[in-house]
Each structure stands twice: as C-alpha cells, then as structure tokens.
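**Q** Chains as they are written, first to last, in my numbering: chain P, 1 to 315; chain R, 1001 to 1177; chain E, 2001 to 2797.
Just so you know, the hints here were simulated from the structure itself, not pulled from any lab data.
Some hints could be false.
[As the list claims (entries may be wrong)] With beta-carbon atoms standing in for the labels, derived distance ranges:
id	chain 1	residue 1	chain 2	residue 2	range
1	P	221	E	2789	43 to 51 angstroms
2	E	2675	P	294	29 to 37 angstroms
3	P	97	R	1170	26 to 34 angstroms
[As the list claims (entries may be wrong)] Output of the computed footprint for chain E on chain P, the stretches with three or more beta carbons under 8 angstroms from beta carbons of chain E:
id	stretch
4	1-7
5	197-207
6	270-279
[Unchecked claim] Partial list, computed: chain P residues near chain R (C-beta under 7 angstroms):
id	residue
7	47
8	50
9	51
10	54
11	65
12	111
13	115
14	117
15	176
16	238
All residues carry an ideal CB built from backbone N, CA and C; glycine is no exception.
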Amino acid sequence: MKPPPFAYHRPASVEEAAQLLADLVGERGEGGEGGEGGEAKVIAGGQSLVPLLNFRLASPGHLVDINAIDALGGLDVRPGAVDVGATVRAARLLSERTVAVAHPLLAEATRWIAHPVIRNRGTVCGSLAHADPAAELPAVLSLLDGSIEAVAWRAGALVRRRVGAGDLFAGPLQTTLEPDELVVAARFPTLGARTGWAVDELALRRGDYALAGVALAVTVDGDGAPTAGRAAYMSCAPTPVVVDIGPAIVDDSPGPDALYALVASALDPTDDIHASGEYRRHLAATLTVRALGGALARARARIDADSEHPSEVPA
Amino acid sequence: MTSVSVDDAVGPAQLHEVVVTVNSVARSARVPARRLLSDLLRHDLRLTGTHVGCEHGVCGACTVLLDGEPVRSCLTFAVMADGARITTVEGLGAPDGGLGPVQRAFRECHGLQCGFCTPGFLLLATELLARRPDPSDDEIADALGGNLCRCTGYVNIVRSVRRAAEILAEPPSGDGA
Amino acid sequence: MTTRWFGERVERREDQRLLTGGGRFLDDAGHEALAVAFVRSPHAHARLTGIDVAAALDVDGLVAIYTWDDLPGRLADPLPLLIPHPDLTHPRTQYALARGEVNHVGEAIAMIVAVDRYVAEDAAERIVVDYEPLPAVVGIDAARSGPHLVHPDVPGNVAAVTTQELGDARAAIAAAPRVLELDLAIERSLSSPLEGRGVHARWDADDRRLRIRTSTQTSTGVRAAVANILDLPDVAVDVVTPDVGGGFGTKVVHPYPEEVLVPWAARLLGREVKWVEDRYEHFVSATHERGQEHHVRVGFGDDGTILALEVEFWHDTGAYTPYGIVLPIITATQLPGPYRHRHYRVTFTSLYTNTVTCTPYRGAGRPQGCFVMERTIDRIAEHLGLDRAEVRARNLIGPDEFPYDFQMTFQDGRPLIYDSGDYPALLARLEELVGWDGVAAERAAAAAEGRHLGVGLACYVEGTGVGPYEGGHVHVETNGRVMVATGLTSQGQGHETVFAQIVADELGVDVADVFVTTGDTRRFPYAVGTYASRAAVMSGNAVALAARAVRAKAIRVAADALEAAPDDLDIEAGLVHVRGTPSRGIPLSQVAVLSNPLRYSFSKEAEAATQFSSPADPDVAPVPDDEEPGLEARDYYSPVRSTFAAGMHAAVVEVDTDTGSIDVLRYAVVHDCGPLINPMIVEGQIQGGVAQGLAGALLERVVYDEMGNPSNANFMDFLMPYLSEVPEPAIAHLETPSPLNPLGIKGAGEAGVIPVSACLAAAIEDAVGVRIDRMPISPPELWAALARRRPTPEVLA
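In isolation and in its complexed conformation, chain P is listed as follows (with noise of 0.2 angstroms):
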C-alpha cells in the first residue's frame, strides 16, 4: 500500500513551522477536529501516521516535518517535572537514566510501548498528539496531570497555549488542539512524596496495543496508610480515563473486592474482535487489583527518603 502524494517541507525553527500551518491550514480553513482528511499534518516519528498513509486512510496534501528543529529536542529531568520536547524519541526516554531516577513510572509505561524499534522513532510528543486511547503515554500524562505545549502563528505572532491533559483528548485519535497548531512540549509533573507507582497491560501479544491496561498512583503517610490513590486506563474508552481509587484504599475495611468494584463500576469499555467490554472492565479491574500491592510497597519505600527530601510538587 503506498501513500498518497504529498507536499513536504522541513522548517529549521518553529517559527518557521509555525508560520508554515497557518498558511497551510489558512487556504482550507477547517478547524475543530485534526486527523484525516485535514490538509497539513505534521510528523516527527512518524510511527503511527505513516501506516494511516500507507493505507491511504489519510490523504494530508502537507507533511510539515519537524525533525530539523533542534529547539524541540530537548529533555529536561527536573526534580518537579520531565519536560519532552516534540522530536524526542520514545526511546530516549528509557536510555537516560535520569528520567528511570526521576520518573519511574515514565519510564517504565515507556517501555510498554511496542518494541524497541518504534521506540526508536516514535515520539513522545507524537503519541500524545496522535490519541490512541490504548496507548501508555496519554494515559501517564493523564494520570498525572500532564500538559502539552502548543504553538501557533496568529496575527503576524507566535502564541503559546499549554493545555492540560483532562483537555486535550477529545476522542479516539481525536485531540482538542487547532489544525495549525504545533505541540512542542509535553510536561510530566513527577510523583509527589510518598507517591508510588505501577504499570501493568495485558496484551495478546509482546508489544501489542494492551486489550488493557492501568498506570496507577498511590499515596501513603508517614506510617504507610493508604491516603490517596489515582488510576488511568488504556483502552478502555475513547480517551484515557482517570479514576480516582482512593475511596477504595483508605481505610481499614476496604479491601480488594472493593477496588475491583471501583474500577469496574466507572469503566464502560466497549466490545471489539479482540475483546468484550465485559472482558476490558474486568481486566482493568483485576489489573488494578494486582497493581496496587507493588504501588503501596514503593509508597512506603519513599518514607524516609521523603520525609529528608519532601519534593516540591505534591501527587
């Protein structure tokens, strides 16, 4: 299957490509909703719009190509956040260390996704554009809070918009972001004190899309209580989901079966040739179930370290 022909351009700074979308978006005028059919796309890894071309089920008359901006490779590992510039592969996430020391679950949700050679190639900041409701990294970015950054060339200037996770996924592959809209940076607040951690999938086959899966927050207080706790799905509805878990881990009483009930009670997934709903929420659940001893114990691993070096942003 070979892709339809296109314009393709490689500007040197954002503004350039920045200024390059609103012409390009500005002769057909759409706005609302990006993906197929629209008329300039912008690619960076090109791991999942490069298929959507080769099978033709998106005919964009304009690729921008981002890769030669080198103002969008950075990564910067802070002590409050892990901020990705757009043309960061996947990959470099999980071979610098400091994002493993200062965002473990970043990390590791990474290495979920399909196989190292996408990883090499693929982007963060493209995964998080391209929406898939199965993927791990919209689901990280909504369980903690995450934004993006975004830019675009209106009235002869560039202007910057950060949105927030909760905003930004409208639908299965389907972002709220404008036609000439250019995501430069995605911001992963790190885990608070005493935060832990835990990702698991279950997918039919190493690397696949998980039929689901839960990346998982757990707060703990200074004698290892349960005191809040937060979960967000893949694949399991059109978008993310985020649940907040806490009526189900604090307390004495509540024990697994009420988790389960939690979490499957606010999931609705849908059937597919994969897998029933049924199947989806119940997975999710048990996912959840399972995930949530590993979490509390790196909760309680981070007591002491904590309480010597509280970090500045809270879960």
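Could you slot chains R and E onto chain P? The hints should help.
**A** Just chains R and E now, kept in the frame of chain P:
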C-alpha cells in the same frame, strides 16, 4: 474509497534530492516526497536485500539501521532520511567478501528457511551484539521480539544469535572470518 | 571409504545468497517493469452496474486500465476448475476480472498498469464503480440455513455433498454399549506468508516467448494454465519460480487472476509488467482455509474402544471452488487418525459463502479432522474416567497391522491405506518426552499454590508423498559439476540442499559439487508442485532414480575405458575406480567427456572423446541403439498411493483464570517421517509448523462481520505470533520407513501444525475443566467460558 484529491493543490510530483550513505557508500536519488525508504533502497538504489512484508510497520522485514539504530524502513519517508547513515543486509559481510559472523551463525544454526524475514533479523542481531556482546535471553527477546518470522518458529533464530555472540567473542583467526 | 550425505545436518546451499541480500524474490528483479494495481470490490456481494474510469485517465504515469470487457478469448471465461470430482455438482470459479458481479470483498474488478505502484494506486482510487449491493452470505450457518444465495444457480449454497463409509456406522452405533454426541468447530484462518504473491512477465518479441516469474508453488501448473488461456504453445511459455518468501499452501492455487492478466498485459503492451501483492490484498484475495463445523456421534465400549464413528461436517469453501473438494476430502479421510476403525461414516457438505475462496493452508483440512478425532477420544476418556493416553493406546493400530486399509478413497484418488508406522512406540516416546506420568503430581503441586496446570495430547496420521508424480534430471557435466533439476518448487524447505544430498550419495560425489534447480519449466517441464508434504518423497525419489541411472551409465562407460568389469567399480569422491585400487580410476568429469562421442574437441580433456583417440569396435556405433550421448538421465517417481507419516504432540499449559491467559510451559513432539535426509531441516519444519499450529490455536483467525467485511485484514489485528509467543518444542524422532518408495521416506512439511489445536484444547480443558469445542481460543474467550461453564455433552446410551 474516494479521498480528498490534492492534485490541484499539489500539482505534478515534486522530486527531492536524497543523499544517504548506505553501507559506507554515498548514494543519491531524486524521488517524490512520498517515496518510502524501503522503496528507495530496493528500487532506486537496487539494494533488494531489504524486504517488504506489510508496509504498516508490524512485520519488520524492512528493518535497516538508520544512524546505527534499527528502524522500519517502510515507515520512513526517504526524504526524512536525507543525510543519514544506513546499514542494510548487504553491508554485513566480512571485509574479504565472505559471510560476516552473524551471517555465519545463522547458517550454522539453520536460522532461516525462506529467507524473507532474515535480513531484518540479521540487522537486529548485529545491532544487539554490538551493544550487548553477551546478551541474556530476555535481551535477545526484547531486541528481536518485534519482527515476524513465518517459517522457523524462532527457535533457531535465537540459537543463531547466541552462536553469533560466541563467534564474535572468539579471538580472530587467520582465515579472514 | 564412502561419504554418506543422507542423514547429515548439511548446512544449506541456499543460505549464502539469502544471508547476504542476494536472494532473488519476485520483486527483486524487473526494476524497469510497469507496475500493476487493482480495483477490488469493497462489497461482499454486489452487482456491478457501471465502471467509470474517466477521472483516472488524467493521472500522470498511467499506462492502461482493463476490465472484463477488454479480455479476449479464454481470458474472458471463468478460470479453470483445478480438481473436478463427480460429487462436486456445483463448481464455480471466478472470472479473471469480475464480470457483472462480485462475490467477496477483494475480488478484482479492474487492472491498472502504470509507471509505478504509487501511481497505479492513485489511478485506482479515481475509478468509480457503481455497485448494487446484494445480501451477503457469511458463515456456515448463514450458508446452510439462511435465505440468501451466493450464486443464484446454486441451491442451498451447496457446492458438493459427499459420503464415504467403512462398514456400517449407524448400525454399529445403534448397537454400541455407549454413545456420545458432540459438536466441534474450527474457525477460518489463512497462510499469510511473509512475502505476498507476485507476477512478473515479459513478452520476448525476438524469441517469441512469454517469460513469467511468479511467486508460486507450481510453475508447471501456471505454465499450463497460461499457455491454454492465452492460446500460446506450451513451448512458448517459460515459468520460473524465483526465491519465494513462504507459500504454506496459498501459492499452490493457480492461476490466480493476476497470473494470467499480468502476462497478457505484458504481451499486449510489449512491455515488462510486474504486480507485487500488498498485505491488504493478500488478506482479501489470497486464499483462506480452516473454517468447518462438525457433528460427531461415536459408539464405544466400556474400555474405551471405538466401535463406530459417524461424522457430519460443513465446510466453508468461500466464494469459489477452484480446488474442488480436496480440502474436505482430506479432513474426511485423515480424521480417523492412527486408530482402528471398523465402522466409520463421514458426510460433508461444501458450502459457498461471500468470503475469500478457501484452498489448502499448511495442514490442509487435517487440523480440523485431528481436532475432531482427538476431542472425541478425550470425551470418551473423560466419560469413562480413564487416562486419555491409555484410551488412545487401546485404539492404536498396532505395528503388525500394516498395511491398514480403510476402504476409502484418499485425496489423490487412490485407496486410503496406511503403509507403515509404529504408533504405540510414538505414544510411549511422547509420554516420556513430556513427562506424562508425572503431570498429575505437577498439577497437584500447582493447585496447592492456586495455579491451574493442565496437560493435553493429540495424535495424527498424515498422508504424504501424494502423486501423481515428480521427475528429476541429473546431468554430470564435463567440468565435473552435477546439475540436477526437478520441476516442483521451493519456499524455504532447503530443496537445493536436500536433493543435493540424495544425488551426492547416489552418485558418490561431494555434495558441494551438486547444483539443484527447482521450479523452472525451462529446466524441467513435467511436474506437479510443492504441497501436501510431498517434495522430499516425490522429487527426492525421482532425483535418486535419475542419479542411479547416471551412476549405472558412468560405470558402464568407465568399465569400457578402464577395461574392467562393471561389478568391480565404485564411485567415491567423484572418482570411478576399481574397488580397492583408487589409482586405477577416472574422474566422473572425464566419464562425462567419454560419454559424448565427439568429432570436435573443445578442451584438452575432451580430446579423449574424439574419433582417433582410442580404438573403437567397428561393429558398434559411436552412440549405440540403447544409449544416448552425455552422462545424464531423467526419471520419474510415481507412487501407487500416498505414504503415511504420523506424529503425536503433548503440551503442559498454565491458565490464569483471572485473565484467561494461557501459558504453554512445555511442548513435546514425537514425529515419524521415516528416515531423515537432513535432520536439521526436518526439525526446522516441525518448529515452524508448531508455531503456526499454536498461532492457529490461540491467536490467528480471519474475522468477517455479518456484511462480509473483513474485520482484521492487517497485521495489527490478524495476530501472527512474535518470538515471545512461541515456545521451543522438544522433538523426538522415530523412523518407520515407507515400503512404497525407493528411499523409504515420508513427508514432513506439515507435521508440526496438524495436532496443535487439539493438543492445546485438551490441555486447557485439563487445566480449568471448561469445555473447549471450538478453536482458536483467546484469553478473553477462555475467561468468558470460565464465567459460564458449559454442561456436559449429551449421553445417549
């Protein structure tokens, strides 16, 4: 299926000059933007060792090394690889023209049957062993676990990688291998 | 001392080019050729009411567009019915390009020729086809009981109904002390080789020859069909099979529409034309297989002895029947397995559906038959509370009961008679290999930890070496090279190595001096093809026979030259010499020289063959009446019937009942294909077969929605296993030679895949106690089955 026609917006196909170093040799071609790297290698540069199995990035038969890293050439536009250093299966031989150590290992261990997926696995194995000369089973599975083989059931592919590690660890002999 | 190559793990000759990027697969040649794309039907069933190509004509680089209206002569007729059968009362084959109607998503409607594939697809997109959608028949139930027809003149969608019987099954069931009845099913799947199909053709106007390369399993089949359809002399059509990236059955069907259209277009346009299938096309136009539903009644004794078996099944043949009813015949005749049967009745109905045509995929109907027989025996064992291996042992044909005659007709039109085997020995070896006796303890220990382990086993018999024949040509050239040709084809089975081993042994030469060509009609024009695990048996024996004839001639010629008696001569390492006196000998290359009397020498060595070089018998012509010049021979092997390989698999699985996940902890294979020519290659075939079998049990299925739209026509949703999904099987061999062919060998190509679904279904059932009547089964499906446990099967006596 009908799709949005872009002819009136785009006009006749514009050609882009693509210059790449393939197996240490500078090569160039003038191709439309939509030309996939797999097609550039195979048809414009006549390096047909890289194969095409699916053109949607799942089978890995098209795997090449791009600036040292394995990538799916069917998911890469040739224009986006401009300036890159590419290694294909044709570049894996020994300096004297014989089989390289990874290739020898695959032959010894019957790591191929029809040979269609083989170039992709050879490149993955080569890159893995350059990075991890003594890989664990998990590391082998991680590195090779995203490429499909329909013939072998993978058993001998894994054995071939282990054998290649052995061969690479041997002190160089006088026979040019 | 003689070097023996037969039985050795000789490294493959093919590997040198395949490892260095030097393979010549279909798309690796013909860079100057025009490219082809097709407009294919997006509807499962529709009338074509108009085709408008106007918008496509402006596409820069377009060369031609063809529809059925453009097709001349026989090209406009339906494609050939490959295997007719008296019970195939309603055969249907497709037109090369759809004529007025389409019967499955993917059926070819228009052919576009352009400068490259990108442009061809651009043009294809712009062609507007008007459809009048018709109700689509999807699935066996809709075909069997629904109101709609695939073909308006085929009542009930029935292509064929046929029955074969041994004894009187119904009477025997009625008299049996115990009877069970069960319903079983296997879902549709497909071969999915990593390289799709492709055809590359050139009309050589100077030589007036049509030169075709096609990724096929039968070059002679394609040649015959193309020559006939395009009305060309056979000798004007060359078909060369390139390196093929896997066939697994789907590439034996011929001619695919593209295999006649591309050569026709090449001739018409006077240009090289090449079509390379893409992955989507493969899913919607390369053939599928496996879909069947079975209803079984079995009568048995208190000790588990099978007394009578009656099977009725329905076979989904897809939209057309080019392969006739061979597939369900294989199911019907291989279902009995390695067991004694005195009463067996099998009836099948082959049904049309508006889906891709079904033809053999590795295993070719046997996986279904094996699933049925093995699940039935498991039920018998469960019903009686007996060990499943023990019940099998009681029913196995004994080693002294051969030949075992089922009094039925096999897929080759010959009697179904098992020639040799030792099934009890296979079972004993399997039990040892998998640790059958210890599994109960393993299972109990796991249960104590809350884990669910189970073990299953399955047995099969496979008719291999199917006729009608194959041929071999062996030629010792004056340069010492031994050139071998056989007409069937290769898709990774190592034929260039295996056949060289056979010839090297027969002739007494080094295997490195033997060069094998397969699948080239220029080199060997009489052949059938590679399928049904027949290549080693058929071509292996044919080249062996040809090599023996060459050896005999070499001895004769050398005896003359050495003035020795033929019985005193041996050939070793390419030297023909008096036994015990290597110094009194001549190399085979020189024998080749001497075997061709010359007037004109062409080298120093060849001078020895000229007329004045040695005294000649004045009363004997230079080439006597019963001789031919040259050290070569051609011979054929044609079997009186198939030879029966057998095998048994066992698996230990662990099921996670919370997620339905199935983990194969160990997998054991015992296998009897007679003597092994190259054990390394046989093991590779088994490993690959097991992987495909496992895929078919747990991962792979072809899904259509109720409108006949394919739901998973891509590699993201059709789940072929990666490395992590495939365990390494433990393999043991047994060898019971075949009495039917000179080498005593049996086929091995499909063995790995046949019993896997049966074996894993049994193991999963053993682990969690839920009925598995249908395969494949995925974790979500297993979980759902656990959630609603099925009742035990109905007991009728």
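**Q** Each hint needs a verdict: does it hold in this structure or not?
**A** Now for the hints, and whether the structure bears them out:
no.	hint	result
1	P:221 x E:2789: 43 to 51 angstroms	holds, 44 angstroms
2	E:2675 x P:294: 29 to 37 angstroms	violated, 55 angstroms
3	P:97 x R:1170: 26 to 34 angstroms	holds, 32 angstroms
4	1-7	holds (count 5)
5	197-207	holds (count 5)
6	270-279	holds (count 6)
7	47	holds, 6 angstroms
8	50	holds, 4 angstroms
9	51	holds, 4 angstroms
10	54	holds, 5 angstroms
11	65	holds, 6 angstroms
12	111	violated, 9 angstroms
13	115	holds, 3 angstroms
14	117	holds, 5 angstroms
15	176	violated, 22 angstroms
16	238	violated, 23 angstroms
When each numbered hint is compared with the structure, violations occur for hints 2, 12, 15, 16.
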